[in-house]
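Undergrad: Protein chains in written order, with the working numbering: chain A, 5 to 290; chain B, 5 to 290.
Treat each hint with caution, since some may be false.
Same chains, same names: a pair is fine if it fits in one copy or spans any two.
[What the hints assert, rightly or not] Heads up, simulated PhoX-like pairs for lysine-lysine below, C-alpha to C-alpha not over 25 angstroms straight-line:
no.: 1; residue 1: 173; residue 2: 216
no.: 2; residue 1: 77; residue 2: 173
no.: 3; residue 1: 98; residue 2: 287
no.: 4; residue 1: 173; residue 2: 98
no.: 5; residue 1: 66; residue 2: 279
no.: 6; residue 1: 255; residue 2: 77
no.: 7; residue 1: 66; residue 2: 287
no.: 8; residue 1: 240; residue 2: 55
no.: 9; residue 1: 56; residue 2: 216
no.: 10; residue 1: 55; residue 2: 287
no.: 11; residue 1: 56; residue 2: 98
no.: 12; residue 1: 216; residue 2: 98
no.: 13; residue 1: 56; residue 2: 66
no.: 14; residue 1: 279; residue 2: 216
no.: 15; residue 1: 98; residue 2: 172
no.: 16; residue 1: 66; residue 2: 172
no.: 17; residue 1: 216; residue 2: 55
no.: 18; residue 1: 173; residue 2: 55
The set of hints was computed from the structure by calculation and includes no laboratory data.
Below, each chain spelled out in residue letters.
Number of protein chains: 2
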Amino acid sequence: MTIQQLSNEIGIGIDTLRIWERRYGFPIPTRSARGHRSYSDDQIHELRIVKKLQSLGHRPGKIFALSSDERQKLLTATTEQELTPNTALQPLTKELSPVQINAELREQLQRLGLVSFIHQYALPLLQTLDQGWTEGSISIAREHLITDRLEELLREQLVTEQPTKSQKKLLFLTLSGERHKLGLLLAAALFHAEGINCILLNQELPLSEVQKLTSELQVDGVALSFSCHYPARQAKIDLASLRNQLDPQVKLIAGGQAVQGGVTMQNLTICTALKQIPGICSKLFT
Amino acid sequence: MTIQQLSNEIGIGIDTLRIWERRYGFPIPTRSARGHRSYSDDQIHELRIVKKLQSLGHRPGKIFALSSDERQKLLTATTEQELTPNTALQPLTKELSPVQINAELREQLQRLGLVSFIHQYALPLLQTLDQGWTEGSISIAREHLITDRLEELLREQLVTEQPTKSQKKLLFLTLSGERHKLGLLLAAALFHAEGINCILLNQELPLSEVQKLTSELQVDGVALSFSCHYPARQAKIDLASLRNQLDPQVKLIAGGQAVQGGVTMQNLTICTALKQIPGICSKLFT
DNA sequence: GTCATAAATTGTCCTAGACAAATTTTTAAT
DNA sequence: ATTAAAAATTTGTCTAGGACAATTTATGAC
Numbered sequence: 005m006t007i008q009q010l011s012n013e014i015g016i017g018i019d020t021l022r023i024w025e026r027r028y029g030f031p032i033p034t035r036s037a038r039g040h041r042s043y044s045d046d047q048i049h050e051l052r053i054v055k056k057l058q059s060l061g062h063r064p065g066k067i068f069a070l071s072s073d074e075r076q077k078l079l080t081a082t083t084e085q086e087l088t089p090n091t092a093l094q095p096l097t098k099e100l101s102p103v104q105i106n107a108e109l110r111e112q113l114q115r116l117g118l119v120s121f122i123h124q125y126a127l128p129l130l131q132t133l134d135q136g137w138t139e140g141s142i143s144i145a146r147e148h149l150i151t152d153r154l155e156e157l158l159r160e161q162l163v164t165e166q167p168t169k170s171q172k173k174l175l176f177l178t179l180s181g182e183r184h185k186l187g188l189l190l191a192a193a194l195f196h197a198e199g200i201n202c203i204l205l206n207q208e209l210p211l212s213e214v215q216k217l218t219s220e221l222q223v224d225g226v227a228l229s230f231s232c233h234y235p236a237r238q239a240k241i242d243l244a245s246l247r248n249q250l251d252p253q254v255k256l257i258a259g260g261q262a263v264q265g266g267v268t269m270q271n272l273t274i275c276t277a278l279k280q281i282p283g284i285c286s287k288l289f290t
Numbered sequence: 005m006t007i008q009q010l011s012n013e014i015g016i017g018i019d020t021l022r023i024w025e026r027r028y029g030f031p032i033p034t035r036s037a038r039g040h041r042s043y044s045d046d047q048i049h050e051l052r053i054v055k056k057l058q059s060l061g062h063r064p065g066k067i068f069a070l071s072s073d074e075r076q077k078l079l080t081a082t083t084e085q086e087l088t089p090n091t092a093l094q095p096l097t098k099e100l101s102p103v104q105i106n107a108e109l110r111e112q113l114q115r116l117g118l119v120s121f122i123h124q125y126a127l128p129l130l131q132t133l134d135q136g137w138t139e140g141s142i143s144i145a146r147e148h149l150i151t152d153r154l155e156e157l158l159r160e161q162l163v164t165e166q167p168t169k170s171q172k173k174l175l176f177l178t179l180s181g182e183r184h185k186l187g188l189l190l191a192a193a194l195f196h197a198e199g200i201n202c203i204l205l206n207q208e209l210p211l212s213e214v215q216k217l218t219s220e221l222q223v224d225g226v227a228l229s230f231s232c233h234y235p236a237r238q239a240k241i242d243l244a245s246l247r248n249q250l251d252p253q254v255k256l257i258a259g260g261q262a263v264q265g266g267v268t269m270q271n272l273t274i275c276t277a278l279k280q281i282p283g284i285c286s287k288l289f290t
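Given these sequences and hints, build the entire structure.
TA: What follows is the structure, encoded as structure tokens:
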């Protein structure tokens with residue numbers, strides 16, 4: 005596997021991969037005849053764990069000082085505590101076909117209602133998938149499959165259930181370079197449950213286009229999500245720029261790991277947890 | 005705008021941007037205090053046009069030999085001929101709100117049926133959007149918005165209409181690095197119309213995971229899409245590798261610009277146009 | 001005209017170095 | 001001993017210029 009492919013695959017920059025090799029001596033790939041790097045499956049797997057540990061707050065220096073086994077241990081140690089065991093999820097993560105997955109998800113949604121479904125079912129499910137990947141009991145393919153079905157179901161909710169006659173309209177989007185949209189979707193679903201008219205953009209949008217769209221659609225606010233992969237510094241800059249471009253009356257809401265670290269600004273609402281959404285709603289729109 | 009952001013935004017590699025500057029003298033960005041490149045809005049717009057021309061088959065050497073105006077002319081000249089004017093589309097591309105766009109799309113779908121909707125409405129619409137962007141009459145934001153609603157509608161069709169009791173199951177996916185999924189979605193919708201049970205993955209999948217998923221889901225075939233942004237060489241390699249990994253009984257179908265250039269292989273079906281889908285269906289599954 | 005060979009074009013990789021932002025450690029002061 | 005400022009370390013992203021294989025175009029022989 006090429007350095008380019010690897011970078012794409014696990015979401016670590018090419019420059020970063022090279023400098024890790026130079027500084028920490030890992031990963032050291034084999035070289036092709038032309039001297040190009042070629043990574044093994046093992047190295048890819050190791051790097052996934054490294055990436056995971058990093059996003060959990062550990063720094064490269066420490067991560068690379070550990071052996072492969074120690075890393076694995078650290079990973080389970082770090083994630084374990086957060087797990088809320090839920091036996092109801094077991095079948096979903098194991099044997100069901102996509103049709104059955106769909107059926108199961110829909111049934112749970114019916115039973116719990118949208119809000120409880122997200123908090124009591126979807127979030128634990130996502131945690132379990134994560135945990136399962138850590139343990140090696142769930143393949144990436146399966147994780148993607150289930151996440152995909154869940155996304156589909158939630159997206160459907162945004163369209164089909166007509167919101168109550170709230171005049172409030174919110175635009176949900178991610179900026180170019182932010183490929184993680186699940187968090188945004190969950191947030192949108194919860195805002196939807198609060199009676200907000202939610203417009204969710206699946207495509208990533210250049211910063212400069214956001215203003216055009218908000219004025220064209222005459223929305224009352226814009227909600228953005230910045231995952232841990234988005235440079236926190238950049239998120240801050242982007243939000244400031246956006247706040248500047250937008251009409252002061254348009255609310256600006258940001259969520260995701262990259263904005264947890266004390267981004268503060270006039271006229272900007274940071275959403276640190278999905279639980280806050282009802283509160284944010286009533287604060288902004290009443 | 006940073007070189008990294010620019011690269012993300014328009015889909016041209018960082019190395020490529022630098023070497024274009026070295027070789028062709030464009031774009032030459034201003035430099036920050038530390039010597040880092042900083043691109044202007046004009047340059048970004050120019051580069052979008054360059055990218056477009058390139059994907060239309062023109063080579064960089066020629067593109068960069070032209071002036072800005074000449075490039076614009078060449079672009080309109082190249083795309084113009086393909087346009088099938090359709091006045092019915094006009095309102096959609098101009099003034100409607102997302103809710104109205106949704107309504108309009110749904111009405112057309114109702115009226116035409118899925119297959120005709122795609123051929124007679126969706127494809128011309130996408131062409132018009134493209135054309136509109138070229139002329140500068142449609143913003144990127146609006147293009148994304150409409151594309152997004154269309155995607156949503158089509159994706160819905162795959163779920164809601166239960167396919168007839170065909171035993172045939174097809175998995176539709178894109179490999180890591182392929183971010184364009186619209187073509188795949190259109191194809192899936194047409195296969196769906198042929199009575200195939202279509203499982204569409206929204207997430208990009210590593211090559212190595214595809215085999216696991218096909219065997220786990222026991223699908224009868226896998227369909228992949230490779231847009232013009234995917235390196236054609238790589239697509240060929242990936243397909244060969246995949247064909248090798250998969251059970252010979254599992255059909256392999258590939259589409260998109262990157263596989264138009266004479267990729268041939270045992271037991272691989274190349275789909276060069278959406279019109280071919282009914283034929284492919286009957287050939288593979290009867 | 002057709003085919004093989006040579007030349008030009010093009011994108012991606014290479015090395016090695018620099019530096020700012022963020023974080024940690026050390027030092028100084030109360 | 002706690003806190004604050006200063007120094008050192010860590011980390012990711014940028015820089016430059018070079019190399020080369022894959023592809024496309026031009027040249028020449030038949």
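Undergrad: Each hint needs a verdict: does it hold in this structure or not?
TA: Quick rundown of the hints versus the structure:
no.	hint	verdict
1	173 with 216	within (16 angstroms within a copy, 42 angstroms between copies)
2	77 with 173	neither (46 angstroms within a copy, 40 angstroms between copies)
3	98 with 287	neither (42 angstroms within a copy, 34 angstroms between copies)
4	173 with 98	between (39 angstroms within a copy, 20 angstroms between copies)
5	66 with 279	neither (33 angstroms within a copy, 56 angstroms between copies)
6	255 with 77	neither (44 angstroms within a copy, 41 angstroms between copies)
7	66 with 287	neither (42 angstroms within a copy, 57 angstroms between copies)
8	240 with 55	within (23 angstroms within a copy, 29 angstroms between copies)
9	56 with 216	between (36 angstroms within a copy, 22 angstroms between copies)
10	55 with 287	neither (37 angstroms within a copy, 45 angstroms between copies)
11	56 with 98	within (22 angstroms within a copy, 44 angstroms between copies)
12	216 with 98	between (45 angstroms within a copy, 13 angstroms between copies)
13	56 with 66	within (13 angstroms within a copy, 45 angstroms between copies)
14	279 with 216	neither (30 angstroms within a copy, 36 angstroms between copies)
15	98 with 172	between (41 angstroms within a copy, 23 angstroms between copies)
16	66 with 172	neither (47 angstroms within a copy, 50 angstroms between copies)
17	216 with 55	between (36 angstroms within a copy, 23 angstroms between copies)
18	173 with 55	neither (37 angstroms within a copy, 35 angstroms between copies)
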